[in-house]
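Line by line, the protein sequences give chains A and B. Read left to right, the first sequence gives residues 1 to 233 (our numbering). Read left to right, the second sequence gives residues 234 to 832 (our numbering).
Derived by calculation from the structure, the hints in this document are not laboratory data. For clarity, every value in this text was computed on a predicted model and none was experimentally measured. Among these hints, one or two may not hold up.
As the list claims (entries may be wrong) - Partial pick of chain A residues on the chain B-facing surface, computed with a CB cut under 10 Å:
no., residue
1, G13
2, V26
3, Q32
4, P46
5, A48
6, V59
7, S61
8, Q142
9, S151
10, A157
11, V165
12, H169
13, L171
14, V175
15, I196
Stated by the list, open to error - Not close to chain A: a few residues of chain B, all C-beta gaps over 12 Å, as computed:
no., residue
16, P259
17, Y266
18, G285
19, L365
20, F558
21, H651
22, M677
23, V813
Backbone N, C-alpha and C define an ideal beta-carbon position, used for all residues, glycine too.
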Amino acid sequence: MTIGLVLISLMMGGIVWWLFRQTINVQPWVAQSVVAQAGADSVPSPQARVALWVFLGVVTSLFALFVSAYAMRLGGFSDWQPLPRPRLLAVNTALLVGASLAMQWTVVAVRRRDSRSVGRGLAASGLLTLGFVAGQLFVWTQLRAAGYFASTSAATAFFYLFTAVHGAHVLGGLVAWVRATTRAWREPDAPGLRLIIELCATYWHYLLAVWLVLYALLVSGELGVAICSSTPL
Amino acid sequence: MTTHVAHDESDFAPPAEVGEVELYHPKSFIGKYVWSQDAKVIAIQYALTAIGIGLVALVFSWLMRLQLGFPHRVAFITPSVYLQLVSMHGMIMVIYLLTALFLGGFGNYLIPLMVGARDMVFPYVNMLSYWLYLLAVILLCASFFVPGGPTGAGWTLYPPQAILDGTPGSHGGIILMLVSLAVFVIGFTMGGLNYVVTVLQARTRGMTMMRLPLTVWGIFMATILALLGFPALFVSALMMLLDLTLGTSFFMPALVDKGHQLAYSGGNPLLFQHLFWFFGHPEVYIVALPAFGIVSDLISTHARKNIFGYRMMVWAILIIGGLSFVVWAHHMYVSGMNPYFGFFFATTTLIIAVPTALKVYNWVLTLWRGNIRLNVPMLFAIAFIFTFVNGGLTGLFLGNVVVDLPLSDTMFVVAHFHMVMGIAPVLVVFGAIYHWYPKITGRMLDERLGKIHFWFTFVGTYAIFYPMHYLGFMGVPRRYYAFGGTNFIPDSAHSLNAAISIAAFVVGAAQMVFLYNLAVSYFRGRPAGGNPWEATTLEWQTPDTPPKHGNFGKELPVVYRWAYDYGVPGVKSDYIPQNVPPAEVPAEAWVGTAQPTGA
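Next up, chain A with everything else stripped away, as it sits in the complex:
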C-alpha cells in the first residue's frame, strides 16, 4: 500500500499547492465593483481537457492501487511462481508505441490543418492500437495453450488482471477514436476536431506510459519481483 500512499500524497500535494495559489493574499470578504480575475489574460483550458486530466487522475489511482495490491501480495508470501515470458509482449509494446507516435503525428497534422494527413494518422494509430489489442488477446491464447490459467498461480492471475484492465482502457480509448475519425471524415474542418484529436493523443500517451510501467513489472525477471520469469514462451 506504500505505493498507493505515496501517489495519493503527491496528488494531495498538488491540490494543496493549487489551493495555496488560490488563497494566498485573497480577502474573500472584500466586495469588488469591477470583476477582475488574477491571470485574466491566460486563455481558459477547455472543459473537456480539464475533465480528461481529472479522469487520468482517477485512472492513475486505479492502476496505482492494482500495483500496490501486487506489491503487497508478492511481498507477504513465498508461493510466488513466475510464468514464462511471452515473446509477443515486446511486439505488442512496439505496436502501442507506434500508435502513440501516430497520434502525435496526427496532432501535428491537425495543427497544420492538413486534413489528408489527419485521416492517415488516425487510420494508422487505430490500426496499430487494434493490433495491440489483438496481440494481447493472442498472448492470452498462447498462455492458455501452455496451461497457464488465471487460477494457476498468483503470478498468472496478476498477469491476466493487469493486461485485462489496461486492455479495457485501450478499448475505451478506441470509442473516442471512432468518434474522432467519424468527425474527421464528415467535417474535416470542424473547429472541435483539433481538441478531440489532442485529447486522444494525451490519452494514448498516458496509456502507453501505464503500459510501460506494467510491462516492466511483467518482464523484469532479473529483479526477482516479476510476474514473468526470463524463460521465453
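Dock chain B against the given chain A, drawing on the hints supplied.
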C-alpha cells in the same frame, strides 16, 4: 480602486469561466422528467432513489432492533437473516443513501446554481451517472431475491468468509453485491468528473474560488476524495469477484472447508482489508465534508452573521481530506498487522481532530452573538454540532490502539460511528432539505411538523446511541444475533437493549411525519417566494422558483462579493446577495469605517 459599477461587457476582464452554452432542450415529458439532462431533475432522481433505498435500510434496522431488544419473538429473523440485515443496512446507508444523496442529490442541485452555471458541464454524462446508480441499486435489490439471499458478510465484506459456504449469500448474493458496487463506482466517476469540472471551469464571472459558498467547497473536496478513493473499492470488488468466479487467489489463503482442502492458496486477506479501508476511511469524509459545508451555510444564513474564519474553513476541509487518506489502518488495529503501523496510524488519526475542532469552534463562533433565527434548518444544524462533537470525541478513544483493542467489535464502536457518520450527516440532510425545499418546490415545509420531526429525531437518536456506549463498555459484542446465557452481560443490559429498540421504533416512526410533510407541503405548503430565508447565495437569486432549465433566465449573474454578507455594518438590509454590485447597496447612513464595498 474605483467603485463604479460596470454593466458593460467590455468593462469586465475576460472571465476565467465560460460564457453561454448551448443547452439541451427536452421535447417531451419523458425527455424532461425521465431521461433528463437537467442537473436539477437528475438531483431529484438521485435524491428520491437514495431516500427510497434508505427507507428499506431503515426497515432493516427496525428488524435488527426487534431481534436485539426482544429476542426470538419474530420467527423469520434467523441468525442468517440477521447477518444479512446487518450487512445490507450498513452498505445501503453508507454508499447508496449518504454518498448518493450528498453528492448525486445535493451536488447536482446546488453546484450549478451556487457557482452561477446553467447546468453541469457534461449533462449527458451526468444523466448516465444517475442511470448507472439506479442500475446499481436494482442489482443490490435483486440480491434479495436470488437463492441464498443477499450477502451476510457484514458491510465490510471481509474475505475469506465473504465468499465461503456458510456465510449467507455466499454465491448469488455476494456476486450481485460486488457487481453493484463496481457499477456504482463507474456511475459515480461520471458524476464526479462533472462536479469537479463544473466547479473548476463553469463558475460565473466574479465567482472566484474563494467566493464559493462552503457547501460547494465541501462537495467539491468530497468529490475529489471519492474520485481517488472509490478506485480502491473497485479494485477490491473486482479482485474478490475473480477469486469467487475464476478461482484466483488474490485474497484467499489455503483453506480447509468442511474437511476439504479448497483450491485457493497463498492469497492475502489483509490485502483486502487494506484496499477496502483505503476507500472506507475517506468514505467517512466523503459523507462528512458535504455535511460540514452545508452546515456552515445553514448556520451563517440563519444566524444572520458571516461565517467565522472562511479561509480557515476552506483549509480545514482540504486538510481533513488529505489526512483522511493516511488513517485507514485505524480500522485494522486488531487485524494482526505490524504494531508499528498502529503507532503511525494512531498519530495521524488523532491529528485529524485538529482541523475538525477548528471547524467546530468556527461554527460556534459564528453562532456567538448572531441574530439566531431558531427555525427548523437551524435546529438541525445546531443538533449536528452536538452530535458530531459527541461522536467525534469517542473517535479519540477508538483512535488510540490500547483503548481500541478492548472496545473493538463491541457496541461502543457501533455507537461511535452511528453518532459521527450516521446521525450527524443525516441531521444535516434533514436541515438541508428543510432549507432548500422551498427553492426546489416553491413551497415551504410545515414548520410545526418540522419541529415535531426534529425533536423526536434529535432526542430519539440520543436515546438510541447514548446507552449503546455503556453496552460497549460492558463488552456487549456487535454483529451478534443473540447473547444466550453470557455471564458478563447482566440483565440490565438486556433491558437497556429493549429500551434502545423502543427508541429506535419511535425515531423511525417520526420519519413518517417528515415524509408526510414532504408530500403534503408539495401541494398545500405556504408559497415560498424566491428567497424565504433572505440568503445571499446565487440559488436564491434566480428569476423563477423553482428555477427553470438554464437556472438564471437570460443573463448569468455577476458576482461581486462572497456568500456571507450578513449583517454588514452600515447597510439597510441585513444581507447583501452575491450578485449585488457595491454601488447598489442601500446604505443606512454613511459610516466611514463601515464602508460596505471595502474596495
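Now for the hints, and whether the structure bears them out:
| no. | hint | verdict |
| --- | --- | --- |
| 1 | G13 | holds (8 Å) |
| 2 | V26 | holds (5 Å) |
| 3 | Q32 | holds (6 Å) |
| 4 | P46 | holds (8 Å) |
| 5 | A48 | holds (8 Å) |
| 6 | V59 | holds (8 Å) |
| 7 | S61 | holds (4 Å) |
| 8 | Q142 | violated (18 Å) |
| 9 | S151 | holds (4 Å) |
| 10 | A157 | holds (4 Å) |
| 11 | V165 | holds (8 Å) |
| 12 | H169 | violated (12 Å) |
| 13 | L171 | violated (14 Å) |
| 14 | V175 | violated (13 Å) |
| 15 | I196 | violated (14 Å) |
| 16 | P259 | holds (22 Å) |
| 17 | Y266 | holds (26 Å) |
| 18 | G285 | holds (28 Å) |
| 19 | L365 | holds (15 Å) |
| 20 | F558 | violated (5 Å) |
| 21 | H651 | holds (28 Å) |
| 22 | M677 | holds (30 Å) |
| 23 | V813 | violated (9 Å) |
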